[in-house]
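Participant: Each chain, letter by letter, is given below.
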Amino acid sequence: MTAKSNAEVTKELFVPAYLSDTESEKISGKSVSAWKDALRRFLTNKGAMLSMIILTVIILLALIGPHIFGYDIDNQDVSRANLPPKIEGLTWLPAFSGYENGVDIYKEKNISKNYWFGTDQFGRDLWTRTWKGTQISLIIALIATLADVLIGVVYGGVSGYFGGAVDNALQRILEVIAGIPSLVWIILLILIMQPGLITITIAILATSWLSMARIVRGEMLKLKNQEFVLASRTLGAGDGRIIFKHLIPNSLGMIIINTMFSVPNAIFFEAFLSFIGLGIRQPQASLGSLINDGYQMLQIHPYQTLYPGIIISLLLICFNIMGDGLRDAFDPKLRR
Amino acid sequence: MIRYILKRVGYMIVTFYVVITLTFLAMKMLPGTPFKFANRLSPEQLNQLKHYYGLDQPIPIQYLHYLWNFIHGNLGGSFQYGMQPVTEFLFQRFPISLQLGFESMIFGTVLGIFLGIVSGIYRGRFLDWGTVTLAVVFISIPSFIFAAILQYFFSVQIRIFPVIGWSGPMTHVLPVVSIGVGVMATIARFMRTEMVEVLNQDYIVTAQAKGLSTNAVIFRHAIRNAMIPIVTVIGPLTSAVVTGSLVIENIFAIPGIGSQFVDAIVTNDYPMIMGTTELYAGLFIVTILIVDVLYGVIDPRIRVSGGKSI
Amino acid sequence: MNHLLEIKDLNVIFHIFGADVQAVRGISLQLNKGETLAIVGESGSGKSVTSKAVMGLIPNPPGEIATGEILFEGRDLVKYSKKQMQKVRGKEISMIFQDPMTALNPTMKIGKQIMEGLIKHQSLSKHDAKKRAIELLQLVGIPNPEKRVDEYPHQFSGGMRQRVVIAIALACNPKILIADEPTTALDVTIQAQILDLMRDLQEKTGTAIILITHDLGVVANLAQRVAVMYGGKIVETGTLDEIFYNPKHPYTWGLLSSMPKLHAKTDKLLAIPGTPPDLSNPPKGCPFAPRCPHAMKVCTEHMPAYTELSATQKAACWLLDERAPKVDPPTTIGVGGES
Ligand SMILES: Nc1ncnc2c1ncn2[C@@H]1O[C@H](COP(=O)(O)OP(=O)(O)OP(=O)(O)O)[C@@H](O)[C@H]1O
Ligand code: SF4
Ligand SMILES: [Mg+2]
Numbered sequence: 001m002t003a004k005s006n007a008e009v010t011k012e013l014f015v016p017a018y019l020s021d022t023e024s025e026k027i028s029g030k031s032v033s034a035w036k037d038a039l040r041r042f043l044t045n046k047g048a049m050l051s052m053i054i055l056t057v058i059i060l061l062a063l064i065g066p067h068i069f070g071y072d073i074d075n076q077d078v079s080r081a082n083l084p085p086k087i088e089g090l091t092w093l094p095a096f097s098g099y100e101n102g103v104d105i106y107k108e109k110n111i112s113k114n115y116w117f118g119t120d121q122f123g124r125d126l127w128t129r130t131w132k133g134t135q136i137s138l139i140i141a142l143i144a145t146l147a148d149v150l151i152g153v154v155y156g157g158v159s160g161y162f163g164g165a166v167d168n169a170l171q172r173i174l175e176v177i178a179g180i181p182s183l184v185w186i187i188l189l190i191l192i193m194q195p196g197l198i199t200i201t202i203a204i205l206a207t208s209w210l211s212m213a214r215i216v217r218g219e220m221l222k223l224k225n226q227e228f229v230l231a232s233r234t235l236g237a238g239d240g241r242i243i244f245k246h247l248i249p250n251s252l253g254m255i256i257i258n259t260m261f262s263v264p265n266a267i268f269f270e271a272f273l274s275f276i277g278l279g280i281r282q283p284q285a286s287l288g289s290l291i292n293d294g295y296q297m298l299q300i301h302p303y304q305t306l307y308p309g310i311i312i313s314l315l316l317i318c319f320n321i322m323g324d325g326l327r328d329a330f331d332p333k334l335r336r
Numbered sequence: 001m002i003r004y005i006l007k008r009v010g011y012m013i014v015t016f017y018v019v020i021t022l023t024f025l026a027m028k029m030l031p032g033t034p035f036k037f038a039n040r041l042s043p044e045q046l047n048q049l050k051h052y053y054g055l056d057q058p059i060p061i062q063y064l065h066y067l068w069n070f071i072h073g074n075l076g077g078s079f080q081y082g083m084q085p086v087t088e089f090l091f092q093r094f095p096i097s098l099q100l101g102f103e104s105m106i107f108g109t110v111l112g113i114f115l116g117i118v119s120g121i122y123r124g125r126f127l128d129w130g131t132v133t134l135a136v137v138f139i140s141i142p143s144f145i146f147a148a149i150l151q152y153f154f155s156v157q158i159r160i161f162p163v164i165g166w167s168g169p170m171t172h173v174l175p176v177v178s179i180g181v182g183v184m185a186t187i188a189r190f191m192r193t194e195m196v197e198v199l200n201q202d203y204i205v206t207a208q209a210k211g212l213s214t215n216a217v218i219f220r221h222a223i224r225n226a227m228i229p230i231v232t233v234i235g236p237l238t239s240a241v242v243t244g245s246l247v248i249e250n251i252f253a254i255p256g257i258g259s260q261f262v263d264a265i266v267t268n269d270y271p272m273i274m275g276t277t278e279l280y281a282g283l284f285i286v287t288i289l290i291v292d293v294l295y296g297v298i299d300p301r302i303r304v305s306g307g308k309s310i
Numbered sequence: 001m002n003h004l005l006e007i008k009d010l011n012v013i014f015h016i017f018g019a020d021v022q023a024v025r026g027i028s029l030q031l032n033k034g035e036t037l038a039i040v041g042e043s044g045s046g047k048s049v050t051s052k053a054v055m056g057l058i059p060n061p062p063g064e065i066a067t068g069e070i071l072f073e074g075r076d077l078v079k080y081s082k083k084q085m086q087k088v089r090g091k092e093i094s095m096i097f098q099d100p101m102t103a104l105n106p107t108m109k110i111g112k113q114i115m116e117g118l119i120k121h122q123s124l125s126k127h128d129a130k131k132r133a134i135e136l137l138q139l140v141g142i143p144n145p146e147k148r149v150d151e152y153p154h155q156f157s158g159g160m161r162q163r164v165v166i167a168i169a170l171a172c173n174p175k176i177l178i179a180d181e182p183t184t185a186l187d188v189t190i191q192a193q194i195l196d197l198m199r200d201l202q203e204k205t206g207t208a209i210i211l212i213t214h215d216l217g218v219v220a221n222l223a224q225r226v227a228v229m230y231g232g233k234i235v236e237t238g239t240l241d242e243i244f245y246n247p248k249h250p251y252t253w254g255l256l257s258s259m260p261k262l263h264a265k266t267d268k269l270l271a272i273p274g275t276p277p278d279l280s281n282p283p284k285g286c287p288f289a290p291r292c293p294h295a296m297k298v299c300t301e302h303m304p305a306y307t308e309l310s311a312t313q314k315a316a317c318w319l320l321d322e323r324a325p326k327v328d329p330p331t332t333i334g335v336g337g338e339s
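Chains as they are written, first to last, in UniProt numbering: chain A, 1 to 336; chain B, 1 to 310; chain C, 1 to 339.
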């Protein structure tokens with residue numbers, strides 16, 4: 001005992017101190033719920049937050065962008081073909097100067113209007129087309145993902161929850177489907193149906209639910225024998241109630257993470273199919289078909305590929321980073 | 001182990017049978033085919049076609065007919081190329097695609113493993129952060145965009161590499177890199193996760209407690225264990241490489257089956273599409289089988305217990 | 001002052017999520033040649049961190065030894081370089097771990113895992129190292145060692161694996177063996193066998209053992225001296241008899257009374273109500289105060305200092321202050337008679 005502490009310690013302090021339960025709990029640390037904890041981790045992830053902001057901006061532009069200049073997606077006018085991007089006020093930036101190879105194309109063609117992303121070989125405004133195309137990518141991502149979640153969750157849920165023969169049969173089917181590369185499925189489906197938005201969506205759907213089904217099944221198997229489920233069953237809860245009240249809410253983390261990863265997958269496949277000419281048909285545009293159109297001009301007018309390329313890359317990168325962020329947030333084992 | 005392999009082979013055959021049947025059904029469901037393009041074919045070719053598909057017979061017979069042909073390596077003739085056998089094209093072009101695939105796979109795997117190991121060891125430091133960020137970017141950017149960027153800068157602007165073609169080593173660089181960076185990024189991420197996980201294992205502490213040097217711990221104990229599961233991503237990666245090669249072969253005008261496939265799709269050359277589809281499916285299925293067996297061979301836990309743990 | 005190992009005022013901190021977890025807070029201990037010191041205390045009290053600090057195996061980041069000395073034969077291991085420390089580990093001080101199922105490299109043959117240390121520290125040739133590995137396997141009671149050196153860990157049962165882990169630890173005749181819960185993961189009959197083996201080997205080799213455990217039965221079986229840890233501190237230390245028959249700290253009382261019966265080996269014996277303190281924000285007074293049935297006002301305000309009770313026993317508790325009310329140890333302490 002040091003002399004110093006001895007001075008502060010007076011006799012009166014040697015009386016019993018009863019700590020109430022709440023106090024002793026306070027001392028031993030508060031428990032944050034798993035969801036709150038995950039949300040907190042997600043919100044402090046700088047990369048994920050930045051991605052979220054970029055995505056929000058892209059989505060907003062996809063909504064309002066096509067209406068800014070009042071052009072249609074198919075407003076052709078050869079007199080203004082192949083104009084490089086020009087934005088008044090940003091002309092000091094080479095990328096938006098309206099110059100190509102040192103020549104002011106706008107002056108040459110005597111055009112006073114600005115085309116922010118330039119125009120294509122038919123004189124269509126690429127700003128309008130690019131954001132329209134972004135809409136398509138986002139719509140496909142949305143539909144594919146929604147349906148993916150529904151099919152995958154139901155399939156995996158049924159398989160994992162009922163187990164036994166049902167599980168066995170469903171798993172064998174799944175194994176065969178997964179044994180074929182998704183590209184092959186998609187191309188077969190597209191051949192049967194006419195290329196277009198719906199076909200692409202169905203084709204992407206046909207394969208993307210597999211991983212969701214697997215994950216949900218795994219979660220079900222893990223959860224269904226846990227105490228709270230057994231307790232609920234003893235209380236007479238039916239299968240449906242147990243699945244929707246207990247099992248799915250508890251697998252929600254995994255479901256959200258997996259959804260986050262299937263979104264970029266859907267966007268990629270649409271772009272890929274459109275790029276090889278199996279996707280959206282003219283005059284409709286998607287980011288993939290715009291890149292394909294622009295690609296023909298890559299050597300002369302690289303800007304025609306540049307903006308759709310940047311936007312789709314940003315979409316994919318941001319969705320992937322958000323997926324990573326969510327996974328890390330829900331699965332602290334992998335954090336740091 | 002043997003029993004396990006046999007079981008896998010069984011699944012493989014079933015899966016492949018399903019693919020063949022599905023391609024047949026797809027063929028039957030095609031709007032108006034194959035006579036939709038009859039105008040492009042000569043009368044003998046039409047007859048040949050009719051005979052090949054047994055079109056005058058009911059569908060079940062046609063199906064058996066098709067299976068019979070398939071087993072005998074007869075995939076029909078290409079519409080585009082005057083009914084020349086599809087198999088001939090596949091034989092001619094597949095080796096090129098295989099080479100492109102292998103080169104990309106090796107490029108990506110070697111670099112990816114290296115990056116993953118370094119990143120896992122220096123977890124949380126700048127090097128790790130850089131690798132992880134780079135990996136997300138490379139996983140996300142589609143290979144055709146990457147190819148366009150490479151082509152624009154290295155072929156159009158500074159002209160180091162030829163724009164297109166597949167003749168000398170220089171022509172391989174851009175296509176292989178375009179496909180390979182995705183592989184690299186995927187493997188680097190996977191390897192990093194494995195490495196981090198392995199470095200947290202108790203047996204690493206045991207190894208350190210023996211007084212081994214850091215290098216010995218990492219090389220003898222960590223890397224080997226972290227690398228074993230890499231085998232499992234090779235299946236999905238094969239599928240990604242095939243997808244990538246479709247566009248990359250087209251962009252760089254490489255005479256593989258990928259570019260042929262895209263041509264066939266665009267020109268509705270159905271026999272060619274079917275044949276290529278079946279080849280891809282077969283390739284994928286065999287890869288998965290090899291990966292499974294390989295995993296059993298290199299991981300003693302599975303090897304000795306006879307594959308029970310799978 | 002001729003201790004084999006002497007820890008002086010050791011502080012270990014983990015920096016995680018902006019918080020500093022003070023896992024070990026000012027520990028001092030001594031270990032003499034050939035003796036067995038037990039460290040007991042419930043989960044999270046800092047037992048493993050202490051032993052890892054001795055081994056120089058605190059993962060950094062996030063952990064670091066903030067202050068303190070670890071004197072091994074008079075030399076301070078804290079100041080050792082990485083290289084110097086590698087020469088100590090496995091040769092002078094070695095360690096066995098709680099879970100034999102995960103402590104061995106699954107893809108390396110048992111023999112090779114034993115040989116590694118021998119090759120490194122004793123510069124044996126591969127051939128000699130293998131011969132020695134077989135001897136060691138024999139020594140730890142593995143039948144048919146010539147054949148089993150070439151097998152993989154998963155071909156061994158849990159108890160057998162723990163024997164292998166012990167063989168690895170003893171390979172270079174270390175002066176100190178740290179056993180971190182060596183029997184917790186094993187079932188009861190195997191536990192007894194492993195403990196017997198450790199006692200046997202200690203008699204043969206004269207190695208000093210630091211035994212970390214939750215299980216007071218194991219302590220009674222093996223140890224000569226005991227240190228009781230709570231909240232990153234040693235709250236009481238003494239000889240086996242002093243701790244079992246004349247404990248002075250309320251936490252030690254709690255430990256002893258929650259032990260059902262000396263030889264009934266069970267993991268779930270620490271049934272003291274409440275949870276251990278949050279070490280990222282440790283209380284400024286006695287760490288046990290929130291759970292202590294005898295807590296006084298002074299306990300929450302001021303850290304109790306050690307009171308020397310004998311040449312070998314001391315405890316940190318305000319009850320030992322002359323101003324404190326007299327409190328008798330509970331009668332439930334289940335030691336009497338037996339042992
Ligand atoms: N690598 C680490 N990173 C962060 N904190 C750690 C780490 N290792 C230990 N700690 C912290 O140190 C404290 C003491 O842990 P320690 O492992 O020493 O407990 P223990 O007494 O061995 O418990 P058990 O009986 O469960 O093994 C714990 O609160 C833990 O949170
Ligand atoms: S110091 Fe106070 S709270 Fe701590 S053990 Fe002693 S009596 Fe209990
Ligand atoms: Mg421990």
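Hint data in this document are derived by calculation from the structure and do not stem from the laboratory.
All values derive from a computational prediction rather than experimental measurement.
Accuracy of the hints is not assured; some may be wrong.
[Said to hold, decoys possible] Simulated coverage check for chain B against chain C, where a stretch passes if three residues somewhere in it have a Cβ under 8 Å from a Cβ of chain C:
id, region
1, 153-166
2, 203-217
3, 293-301
[Said to hold, decoys possible] Below, a list of computed lysine-lysine pairs in the BS3-like style, where the Cα atoms sit at most 27 Å apart:
id, chain 1, residue 1, chain 2, residue 2
4, C, Lys314, C, Lys297
5, A, Lys11, C, Lys131
6, A, Lys11, C, Lys8
7, C, Lys87, C, Lys147
8, C, Lys8, C, Lys82
9, C, Lys131, C, Lys112
10, C, Lys284, C, Lys314
11, C, Lys147, C, Lys131
12, C, Lys79, C, Lys126
13, C, Lys131, C, Lys204
14, C, Lys82, A, Lys11
15, C, Lys314, A, Lys11
[What the hints assert, rightly or not] Here are the simulated distance ranges between beta carbons:
id, chain 1, residue 1, chain 2, residue 2, range
16, B, Phe94, A, Lys46, 26 to 34 Å
17, A, Gly102, B, Val266, 32 to 40 Å
18, B, Tyr81, A, Leu43, 53 to 61 Å
19, B, Ile298, A, Phe228, 35 to 43 Å
20, A, His67, B, Tyr81, 45 to 53 Å
21, C, Glu35, B, Ile298, 42 to 50 Å
22, C, Asn281, B, Leu127, 31 to 39 Å
23, B, Arg125, A, Leu39, 22 to 30 Å
24, A, Leu39, B, Glu88, 54 to 62 Å
25, A, Val15, C, Tyr306, 43 to 51 Å
26, A, Gly70, B, Tyr17, 53 to 61 Å
27, A, Leu43, B, Ile298, 38 to 46 Å
28, B, Tyr17, C, Gly18, 57 to 65 Å
29, A, His67, B, Phe94, 28 to 36 Å
Glycine included, C-beta positions come from ideal geometry on N, C-alpha and C.
Participant: Work down the list of hints and note, for each, if the structure agrees.
Facilitator: Each hint tested on the structure:
no., hint, in the structure
1, 153-166, "violated (count 0)"
2, 203-217, "holds (count 12)"
3, 293-301, "holds (count 3)"
4, C/Lys314 - C/Lys297, "holds (22 Å)"
5, A/Lys11 - C/Lys131, "violated (68 Å)"
6, A/Lys11 - C/Lys8, "violated (31 Å)"
7, C/Lys87 - C/Lys147, "violated (30 Å)"
8, C/Lys8 - C/Lys82, "holds (21 Å)"
9, C/Lys131 - C/Lys112, "holds (11 Å)"
10, C/Lys284 - C/Lys314, "holds (21 Å)"
11, C/Lys147 - C/Lys131, "holds (12 Å)"
12, C/Lys79 - C/Lys126, "violated (33 Å)"
13, C/Lys131 - C/Lys204, "holds (20 Å)"
14, C/Lys82 - A/Lys11, "violated (50 Å)"
15, C/Lys314 - A/Lys11, "holds (23 Å)"
16, B/Phe94 - A/Lys46: 26 to 34 Å, "violated (47 Å)"
17, A/Gly102 - B/Val266: 32 to 40 Å, "holds (38 Å)"
18, B/Tyr81 - A/Leu43: 53 to 61 Å, "holds (59 Å)"
19, B/Ile298 - A/Phe228: 35 to 43 Å, "holds (41 Å)"
20, A/His67 - B/Tyr81: 45 to 53 Å, "holds (48 Å)"
21, C/Glu35 - B/Ile298: 42 to 50 Å, "holds (46 Å)"
22, C/Asn281 - B/Leu127: 31 to 39 Å, "holds (33 Å)"
23, B/Arg125 - A/Leu39: 22 to 30 Å, "holds (28 Å)"
24, A/Leu39 - B/Glu88: 54 to 62 Å, "holds (60 Å)"
25, A/Val15 - C/Tyr306: 43 to 51 Å, "violated (23 Å)"
26, A/Gly70 - B/Tyr17: 53 to 61 Å, "holds (56 Å)"
27, A/Leu43 - B/Ile298: 38 to 46 Å, "holds (42 Å)"
28, B/Tyr17 - C/Gly18: 57 to 65 Å, "holds (59 Å)"
29, A/His67 - B/Phe94: 28 to 36 Å, "violated (49 Å)"
Hints 1, 5, 6, 7, 12, 14, 16, 25 and 29 from the earlier list are contradicted by this structure; the remaining hints agree with it.
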